[in-house]
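Q: Listed below, chain by chain, are the residues.
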Amino acid sequence: MARVQLVSRILLAATLWLCTPLAAQDLPTTGEDTAAPSERALLDRARIAMEQGQAYYIAGDYPAAAEAFLSAYAVRAFSAFLFNAGVAFERAGDGPAAIREYIRYLDAEPRAADSADVRQRIINLGGTPPPPPAGVEVEVREEPMAAAEEQSMKSLVSVETTPVGAIVTVRRAGRELGSGPAPFTMALNAGQYQVEIQHADYEAVTRPLNVSPGQIYMMIVGMGQGDFLGLLRVVSDPPGARVFIDDRAQGELGSTPFQNPVSAGAHHVWIERPGFQAIERDVEVAAGAEVELSVALERTREGVLRVTGTPRGAEVFVDEERVGTIPYEGALTAGVHQLRVEADGLKVYEEAIEIPRGQALPIAVTLRETPSRGAAWGALITAVLFAGGGTVAGLLGRSLADDLSAERAAGQLTDEDPRILRGKVLYIGADIAFGIAGVLGIMSIIYFLRDPTPDSSAEIGDARDLAFVPSVDLARGSVGGTLRWSF
Amino acid sequence: MRFHALHGFTSRATFNISAALVAVSLSACNPGVFFDLMETPIAAINATQKYRGSDFGLTIAGYDGASSGGPLVSRVVATGSPGSSLAAYDVWEDGGIADFDALWDTCDDPGDCGASQGTSLVGFARWNAQTVCAMGAAPDEARLRVICESESAVAVRIDVPGGESIGTSLAPIPFSKVGLGVAFAGAPDMGDSGLIHVVPEGAGPQPLDLSSAMLPPGAGLGRALASAELPSGMLIAATAQNRVVVAEVALDRSTTVLGCIDGTADLFGRVLALGDLDGDGSHELAMTRATNDVVIYRVSDLSGASGCAASDSSDDAAVAVTLACAGSDRVDCAGFGEDITAADLDADGNDDLIVGAPNSTVDGVREQGAALVFHGAGADMSRVHHVFTTYGDEFDRFGAALAHVRTQLETTPRDELVIGAPGAQRVFVALCTGLEGDRTDDTNRCVVRE
Chain B
1 MARVQLVSRI
11 LLAATLWLCT
21 PLAAQDLPTT
31 GEDTAAPSER
41 ALLDRARIAM
51 EQGQAYYIAG
61 DYPAAAEAFL
71 SAYAVRAFSA
81 FLFNAGVAFE
91 RAGDGPAAIR
101 EYIRYLDAEP
111 RAADSADVRQ
121 RIINLGGTPP
131 PPPAGVEVEV
141 REEPMAAAEE
151 QSMKSLVSVE
161 TTPVGAIVTV
171 RRAGRELGSG
181 PAPFTMALNA
191 GQYQVEIQHA
201 DYEAVTRPLN
211 VSPGQIYMMI
221 VGMGQGDFLG
231 LLRVVSDPPG
241 ARVFIDDRAQ
251 GELGSTPFQN
261 PVSAGAHHVW
271 IERPGFQAIE
281 RDVEVAAGAE
291 VELSVALERT
301 REGVLRVTGT
311 PRGAEVFVDE
321 ERVGTIPYEG
331 ALTAGVHQLR
341 VEADGLKVYE
351 EAIEIPRGQA
361 LPIAVTLRET
371 PSRGAAWGAL
381 ITAVLFAGGG
391 TVAGLLGRSL
401 ADDLSAERAA
411 GQLTDEDPRI
421 LRGKVLYIGA
431 DIAFGIAGVL
441 GIMSIIYFLR
451 DPTPDSSAEI
461 GDARDLAFVP
471 SVDLARGSVG
481 GTLRWSF
Chain D
1001 MRFHALHGFT
1011 SRATFNISAA
1021 LVAVSLSACN
1031 PGVFFDLMET
1041 PIAAINATQK
1051 YRGSDFGLTI
1061 AGYDGASSGG
1071 PLVSRVVATG
1081 SPGSSLAAYD
1091 VWEDGGIADF
1101 DALWDTCDDP
1111 GDCGASQGTS
1121 LVGFARWNAQ
1131 TVCAMGAAPD
1141 EARLRVICES
1151 ESAVAVRIDV
1161 PGGESIGTSL
1171 APIPFSKVGL
1181 GVAFAGAPDM
1191 GDSGLIHVVP
1201 EGAGPQPLDL
1211 SSAMLPPGAG
1221 LGRALASAEL
1231 PSGMLIAATA
1241 QNRVVVAEVA
1251 LDRSTTVLGC
1261 IDGTADLFGR
1271 VLALGDLDGD
1281 GSHELAMTRA
1291 TNDVVIYRVS
1301 DLSGASGCAA
1311 SDSSDDAAVA
1321 VTLACAGSDR
1331 VDCAGFGEDI
1341 TAADLDADGN
1351 DDLIVGAPNS
1361 TVDGVREQGA
1371 ALVFHGAGAD
1381 MSRVHHVFTT
1391 YGDEFDRFGA
1401 ALAHVRTQLE
1411 TTPRDELVIG
1421 APGAQRVFVA
1431 LCTGLEGDRT
1441 DDTNRCVVRE
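Just so you know, the sequences run in chain order B and D.
The numbering used here puts the first sequence at residues 1 to 487.
The numbering used here puts the second sequence at residues 1001 to 1450.
Next comes chain D alone, as it looks inside the complex (with noise of 0.2 angstroms):
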């Protein structure tokens, strides 16, 4: 009697503290903490199982358009070394942000995956009656691929006879240009010294006169290429050997150089970007002089066609603005400028630059790699303002491959940054990331993704 008594109390006892105990727990250490901190800034994307290849994040590219059903969608493809597959992937669409899944991969036909495949990538919004495209540089077999829509299946491939080397590089037109091409390519192999091609809807591409650039004979136009939308065009900047020529594209394919910039270096403008990043309204090239070595210019500095008669720098714009990276106990810069890109982040109306230090350590791990913000028209736009990193492992060299894909596509668009680690084998998109002055909602998100 006395047991069943005890028992009884046992019982309540039990239940009151189980429950007690569970409630402390689950409060205490709620995992929902955890889940909720899956609805993180940065997406991550990885290599698709279909993927062949390896360093898939090696090229990146984003782009956006309305799909074949109305709606508009941006997406990102990435590839690895060249070779590889490309994938792409869904951002933006139905009005918010994508669950980042593969839509494509290319590869399933052996043929349309040369060995030079993937070299460059660009994306556009329509090719002919298929829309959201994205083009694929198969250089050394002169060859272009574009896939459209979802499918992986090659829309359009184009092969230009004695065009070796045609798309090395490759830029974007905007769609509100789509009368002047869908894409440039550079092709440094063609020509006398290499040409840079507008590739129209539906057609060939067709090379751009810069001869103006006066380019000795071998110079290899079109080793690195950006562009940037005029109002009444596009605005290029090539590389060639020792030679960065800023030019003017006008939607019939006449062409103003407006000034060259020389350099010695072996990797004196491997990598250039275009973009308002002071906010007076013009252009300023950002580009690699060297290894850490990333500097603006002016566009509206160039002296016209002038800067492009000598051959060393003296007749050349001044240095606008000299990054730094002085590095800091989290992030030694190291391979400060392997790739840059001007987007607007903070969405404030001025681009801001983003360089890759691909081979940083952070955090003590070794080429763990970051991505560096400089804010455009900041008071000191020589000083890094954000740093991306993520948790990763050695050699994940992140920061490799920058490009920015757009979101809020129907309302008001933004940049979104995209980050190519090909260590990891991955591609991040921050989206909305919580620069100074950015548009940011509870979640510290400035979009959430459902």
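This is chain B alone, in the form it adopts within the complex (with noise of 0.2 angstroms):
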């Protein structure tokens, strides 16, 4: 049961669309005519001037016809219009602008069908025709052309195919006029064709044409690859991984979890997810079956660290190894590392790290200045000149109470001596030195030891998953990815 509905959902997806002239049907168009007319919008334009072209024809306007078959030209330079023109000329009596559109029509097709039968025209006009290509014969027409057939106008389809490339084959009566790979275009005259449609990977499709003169067709066929398919599913732990399938040059397939189908037969997987170990695997597929793979991803022995914040430049060591400058980004074997940021006059940030396997460590930070000590010094300094003047007056007081003293005990001193208000001035100074030295000696250990600003900081986020995330360089033409990780 199974079965029956995977072929049913793959026969469904096998579009045709068959179109019919353009001028019935409501192509699309862009916005962007005017800087770059899209292929639609030009054929649109062609289309256009070709459907005035066939009025004027039809009025009886031949030189207005040609000349309307040829801005279809300038548009869309499709064969078929210079034919056209051509004929148009032909019917306004302008021999020689017959020939020259005749001749511009077998140059830009040696190889067309009625090749013969455009020679003859420029033979009947009175002209020569051009040798025909190496290799190619000419066909005498036996019998003259009929008259309706020599006022006819050629008309234009054009084969677009999904996938893209498909081969497509143009016949009448079981003849082939023209193959090529879609997108295809021929210019054709009136009447019935075959129009087949092959891709090694899918079914065939051979679709009918009724071509009427003077008409631009469209035909634009989505293939189907029928029921010799077989559906592929990949899971992973965790999801997200990316899918390769047979050529992993072509790029992923998709992400985990991923189905889509695949031809019949063995293929070769990879599973790819950033921050994990790739896993390559071959399954096989039988036709109309639906495999499963699973993986459980395991996680690579390495991280990534990346470290921002101010200031800019700041030097990133990580385990006493200069590495880079903030901004910084690197691989690291997963474990516990040292960091350390550190810049001239700012506080050096330095912290043990845990780098996760397979994911990013995010560090943001932030050095602060380290405080300015001219406080502490100018403090220090002057707590030595004081301790300094302190001993001077310590050891002069101390030597002038010696004096005293000795001077006291020979029975030679007065107490109202000058020099002992002296020691007492030198004492009493010198204690004031010293405690004024004391106090600026703590002052200046404190300002040595305090430190008003905050520390250097970091945040420290958590670990993120790393994501591929792939890039076009549009100025090389260059195809790539990066690894990142969102926040």
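Mixed in with the good hints there might be a few duds.
[As the list claims (entries may be wrong)] Heads up, simulated EDC-like pairs for lysine to aspartate or glutamate below, C-alpha to C-alpha not over 20 angstroms straight-line:
hint : chain 1 : residue 1 : chain 2 : residue 2
1    : D       : 1177      : D       : 1229
2    : D       : 1050      : D       : 1105
3    : B       : 424       : D       : 1149
4    : B       : 347       : B       : 455
5    : B       : 424       : D       : 1039
6    : D       : 1050      : D       : 1149
In short, the hints are calculated from the structure, not lab data.
Assembly of the complex is requested from the two constituent chains, each provided in isolation within its own frame, with the hints serving as guidance.
A: Set out below in structure tokens:
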């Protein structure tokens, strides 16, 4: 039952659009026609010019018709427009112009099925057709061209396929008129044709095409793959791993959980997710079968350290080795590392960090200024000066005290000896100086120890999973990808 | 959080370190050392703010007695150049060293200070009902003024008619001889050859009869005067021109001339001092014969009145000791003999002789001055036993005037040296100065001021 549903979904996916002439079809146009007209827009403009030419032609205004066809050719260089212009000039009696446009037609379509007829038209007009290209035999028409056929306009058919690149073959009465990879364009005369579309991985499509003169036909074909496909499902723990199948160079086909039809047979699958070890598996998918490949991803043994913050340019050391400057990003083996960030005049930030396996550890560091020690040195120097002054005063006082004591012992000291007052002043001065020196010394110690500014700090964020962010370099035309993580 | 912890640490450290620093600095530089040093053996007396005059300390005297309230006190009276006011200061009171405050200062009444006021000074214990008195002489006015107690008002003004020059010199009479009088006063211009008076308590001066000194007219006896107590009276020495007369004065004021010493120098006998310097129980006379020439005579060697017969020194007693002041690196002895006094400074029972050398350069300071002590009863009395100096300035002239004052009045009175330094406008009292053999205590002072 499941298989029946799977095949049904696949067949429904194969869609075919066989389009009527573009005049009856509502073709989409883009808003960027003036700047860079899309193929559809160009085709639409060519269609309008061709319809005008057809209208002039029917009305008998052949010169105007010829100009309209050339205008259409200027918009979109389909050889059918040259042929139609040649017919219009011929009907207008302008043989040289007709010969010129027929020759341009043959130049554009040297292998056209009707080249013999066009050559005959040139000869009939008194011109000389160009020689056929090497290896091309020009069939000689045995019977003269009917009048209706002489006056018939060529139409244009354009075939687009999904997938692109399918081989388009146009046949008439079993005879191949032209073939090429889609998108394919071909000028046709009015009549019944068969269009065949083939692709190695898809079911061939054949559709009839009834061409009226002077029309543009757009055929868009979505090809189906039939019931020879199987379904491959890939799941991983954790999910989000990129899935590559068979050809890794073609790029990822999706991410887990992933499921996609694959052709029946053996396939090689890559499952990759940033921060995890890549896994490769071979699977066999039978036609119409559903195969699930389930894997458990194991993180890599490395992580990423990302250091941001201020100031930019601060040096980053990991395990005492300078690794860069802020902003810094680098891979490290998972585990504990010693991080140090430093800059001149700023407090060092140092911390033990643990790099997670297969994840990124974001750290925003803020280094703060080292406080000035000028006041501390000033207080210390002043304290030393006061201590020195106090010492000198103390020594002088001590010497004086000794002298006075000796004089007193000798009975020669008077109670109003001015040296006593001097000694008091010296000792009190010394004490005051020592006191001031002590206070200043303590102040200097405090100033040396005190740190009014906060320490350098950091915000260590939660470990983040890595992600692969594809990128396209338009300038270089290269395609790549970057490991990133989101915050 | 970290800072708070640090702050707590620093606060404790601050306290501990501060305490340590304070302890160390106070122990190393304790100003109390200098406050202790103020307890010096030499007290300085400055002129009072009321003092009018100059050269305070040029004339000084010490005296004591029982004040009106009964306690014993001693004082120093000092003045400057003639015409200056007198000022008295406490030395001993209430059984201890006083604070040397000024008690009084004369010249509040302009009439109290004549041109020659303060030429000489002497103190005594009582003047009638008043006690503890000082006498200042104004010889040009023939006037003596007595100021007692603590009042600056002049208690007694003694005018001596025809007594010009009385009080040119004064010498004390101890209270034990108050019956004789309170002081001797020299009047070199009175009489034919000058007179020595006794000033009785409560009365005018009475001249002494020293005619046996054989002084010629105009000799000017009384230019200098010294006195010493004898068991039966007083011993005096007085200077006349080229002669020093030594006599005993009995309590009835009768006199006996013991002898005369003659000289020719201008300064002969300018300064006299009497005392028992050698401890033999009799007195010696010390005198300045000339500049830097101080000698000592034994009174017992004087040959009675015969020594006054000749006008030269042929019949004089021999010089017992010639004082030598050879000088030293510190003191050069200039002005040696400017003043002398005899007092028992070391309280050994013998008087010591103190000689002023006010013009001495001391430790390179010109005329800072010094007072040199010659140890009484010493092995070699001529040798300088001790030198008093003070830390001073040039021209302090420490030692220009010498006197002594008694302390420990209630127990064993002892003499303290009083030294004038007129250049410094100061008087110093050397209290029990640590002389060899002195009685000292732990503070290196005999008497501790309270």
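Q: State for each hint whether it applies.
A: Hint check results:
no., hint, result
1, D:1177 <-> D:1229, "8 angstroms, holds"
2, D:1050 <-> D:1105, "7 angstroms, holds"
3, B:424 <-> D:1149, "37 angstroms, violated"
4, B:347 <-> B:455, "7 angstroms, holds"
5, B:424 <-> D:1039, "14 angstroms, holds"
6, D:1050 <-> D:1149, "18 angstroms, holds"
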